[in-house]
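Just so you know, the protein sequences line up as chains A, B, C and D, in that order. Number 84 in numbering that gives the first Met the number 0 belongs to position 85 of the first sequence; there are no gaps in the numbering. Number 155 in numbering that gives the first Met the number 0 belongs to position 156 of the second sequence; there are no gaps in the numbering. Number 13 in numbering that gives the first Met the number 0 belongs to position 14 of the third sequence; there are no gaps in the numbering. Number 130 in numbering that gives the first Met the number 0 belongs to position 131 of the fourth sequence; there are no gaps in the numbering.
Hints are computed from structural coordinates only; laboratory data are not their basis. Worth double-checking, as some hints may not be accurate.
Same chains, same names: a pair is fine if it fits in one copy or spans any two.
Simulated crosslink set (DMTMM-like; lysine to aspartate or glutamate; CA at most 20 Å straight-line) [claimed, not checked]:
#, residue 1, residue 2
1, LYS164, ASP60
2, LYS214, ASP118
3, LYS164, ASP15
4, LYS135, ASP157
5, LYS164, ASP19
6, LYS164, GLU153
7, LYS135, ASP60
Number of protein chains: 4
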Amino acid sequence: MLSSASSPTLTGAALDAALDDLSATGADFHRRGWSLGTSSNYSVLVGRDPLELMVTVSGKDKGRLGRGDYVRVGADGRPVEAGAPPSSAETMLHVVLARQPGVGAVLHTHSPAATLLSDHYAGQSVLRLEGYEMLKGLSGHSTHQATELTPIFENTQDIPSLALKVEERLNDADHPLQHGFLIRKHGLYAWGADIAEARRHIEVFEFLMECELRKLSLA
Amino acid sequence: MLSSASSPTLTGAALDAALDDLSATGADFHRRGWSLGTSSNYSVLVGRDPLELMVTVSGKDKGRLGRGDYVRVGADGRPVEAGAPPSSAETMLHVVLARQPGVGAVLHTHSPAATLLSDHYAGQSVLRLEGYEMLKGLSGHSTHQATELTPIFENTQDIPSLALKVEERLNDADHPLQHGFLIRKHGLYAWGADIAEARRHIEVFEFLMECELRKLSLA
Amino acid sequence: MLSSASSPTLTGAALDAALDDLSATGADFHRRGWSLGTSSNYSVLVGRDPLELMVTVSGKDKGRLGRGDYVRVGADGRPVEAGAPPSSAETMLHVVLARQPGVGAVLHTHSPAATLLSDHYAGQSVLRLEGYEMLKGLSGHSTHQATELTPIFENTQDIPSLALKVEERLNDADHPLQHGFLIRKHGLYAWGADIAEARRHIEVFEFLMECELRKLSLA
Amino acid sequence: MLSSASSPTLTGAALDAALDDLSATGADFHRRGWSLGTSSNYSVLVGRDPLELMVTVSGKDKGRLGRGDYVRVGADGRPVEAGAPPSSAETMLHVVLARQPGVGAVLHTHSPAATLLSDHYAGQSVLRLEGYEMLKGLSGHSTHQATELTPIFENTQDIPSLALKVEERLNDADHPLQHGFLIRKHGLYAWGADIAEARRHIEVFEFLMECELRKLSLA
């Protein structure tokens, strides 16, 4: 569903601009309460040959990110340069997503709505979103008469195992991952062809989850 | 209910100022969560002879609008200049509203409250707001003992057909559109003699919908 | 309950600073959703001999106030200078409050919580707030074991009549107005010895009303 | 659970930077509605030999703190310098916390969620938080399969007595205070090795309390 446009390698001013955009995105998400307590992590694809991403360094305040708060990692999820600070513990989730053609940026948020809905619907293992005009903000939906099935994975600290499950679903023709997934009592992952599209997808999911949560609290 | 003051043609610095005001309005609405995910669209009347509007270009982030993110469209809803980027898919709704005497600006928002209430009251096809002091913020209401009947239209991707329905209601002496309308699970349209009045009307509706939604969640 | 410290006449830079502080207060209240849609009005005492106040001009956007958006009014609530723009329709409420010894500023807000609670408790004509540590932010309460009885008046467009009722309660030794009052489905008035104290009182009331409203929505 | 790294004495530019960071933290907490009405108080450890803290001066607007709004206090909770303005009435709570090895900063907030949950669970004297990924933001939790038991103390104006109770719990090997505690209908105290860690702990607790409160309002 994402265009498979080739992603040129990001260097110099273009890379700086990308990191600044990620940092501004983080400041906005932190302000909204979607990335509190140094939670969340963000990445942008730097190049595909070899696969390299810039990922937020573990434990950074997402309201105050600067260019020095990202680390370059390779296809194995490890820092490319010796002595670099460790990237987020969830880096392998970014890597398996970035391996998909057309994925240029991955954003992960921890909102109250994602935390609560991923628990509320854990029994069905899916959050069903349908009939909303806002669904058109997810790349590929051209009408509100769409259904977005957002899988909910059980939370775990075994990230390699979760990354494998995510990769299986990415390649599952019958039940593919579309634009995002939830981890129970944890948060949301969404991605896009570039930072702007990934941010749009996060905003759409967070908006729709806020709607669903408020709907559940109507008397 | 709107004054039919003539709207002089906007050019040069006055047009720039109008676009900057729309962009600042968008940044505020985006911050409040009323225009997330590149949803929403805004327009200002440029002139009536011929009818021309500046409308937001389709798909722009409403928190980061600049002067280049608007396109000039004519009475048919199409860009006046060849090669211009497409304006919002809902441009014809802006055009039928701007055709009304005294309408100088049209704003469309997608808040959680508008999304949920337009669905909750879809059976009655109307959101009834009454007895609130805040109603006086809608042009023409001089007391809180007023009733604002905000029509709810079913959502559709057939915008020309919806534009026709809106136009009929604008000219329906018995049940006229007053200051705004809702589209089910989609959002709010409101307008005014100028950007300031349209923004005031949006703020009033969004405030009152937030009140109504919170009232529905009291035990 | 307010200290009866004499209020020196505000002129020149001190007056400008006071207006700038009111404008910054308005920007913050607007951001919080307490003063949307050009609702609300604010005043600061300029002098007592004769009684003069600077009150917000009617219909101004409270998120964008500047020094020119205030008008000087006298003890009769009318502009002192010929040709001045009209002040808020509710100016006489500001005047009767400013007549009290020790009152140097009056702030009026329209929040969803004030709108809903003033309706919810209209039958008792009072909002009872007790046992909260935050009550200590209201001048004169030195413990959380306090009870603040906030009267609720029915809404009316007859402001002189409402101003009389408020004045009676200000001088009612048995049931005095303490720090603020509510108008049904309308909003909150609070005041203080100066702008900082009035703002603190608004923040305390709005916080406590938010608590009360959220408590009412617990299952 | 906090590292017992020695805390060097803060002087000069390092002290200024610490106060500026506390002030920026206050501005953010005030914006979020966690420190309204001049509520809350914040401190940073200056040195251990002798024990000295900089604590917010009583009654300051937490959205507008400057370097002059802090007072240096000693191990007895009193200002070190003669003629200094009084620090917060709750200074002794800061002092008993700062006495613990590894505590470099203490933050106290008054959010609606803390106010309501500390009352809702007052019967159990504890707020139980478990199974949330966000718990990993509390120093020492390495998995979401953790349980944070946050004690709730009854509110009192007798701060020395409350400070004793807190100190007992800090030294109670069976039921130690971990990262924070609540005071009923009052608010949250949390701390950390430095300002950044204390702020992270506040953000984690406030996030989790917001989740718990919203969960309680689901139908």
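The hints, checked one at a time:
Taking the shortest Cα distances, LYS164 and ASP60 never come within 20 Å of each other, neither inside one copy (29 Å) nor across copies (33 Å). In this homomeric assembly, LYS214 and ASP118 come within 20 Å of each other (Cα to Cα) both inside a single copy, at 16 Å, and across copies, at 10 Å. Neither within a single protomer nor between protomers do LYS164 and ASP15 lie at most 20 Å apart by alpha-carbon distance, with minima of 33 Å and 49 Å respectively. For the identical chains of this complex, LYS135 and ASP157 are inter-copy neighbours only, at 14 Å across copies versus 34 Å inside a copy, given an alpha-carbon limit of 20 Å.
In this assembly of identical chains, the alpha carbons of LYS164 and ASP19 never lie at most 20 Å apart, being 32 Å within a copy and 45 Å across copies at closest. For a Cα distance limit of 20 Å, the shortest separation of LYS164 from GLU153 inside one copy, 11 Å, qualifies, whereas the shortest one across copies, 40 Å, does not. For a Cα distance limit of 20 Å, the shortest separation of LYS135 from ASP60 across copies, 14 Å, qualifies, whereas the shortest one inside one copy, 32 Å, does not.
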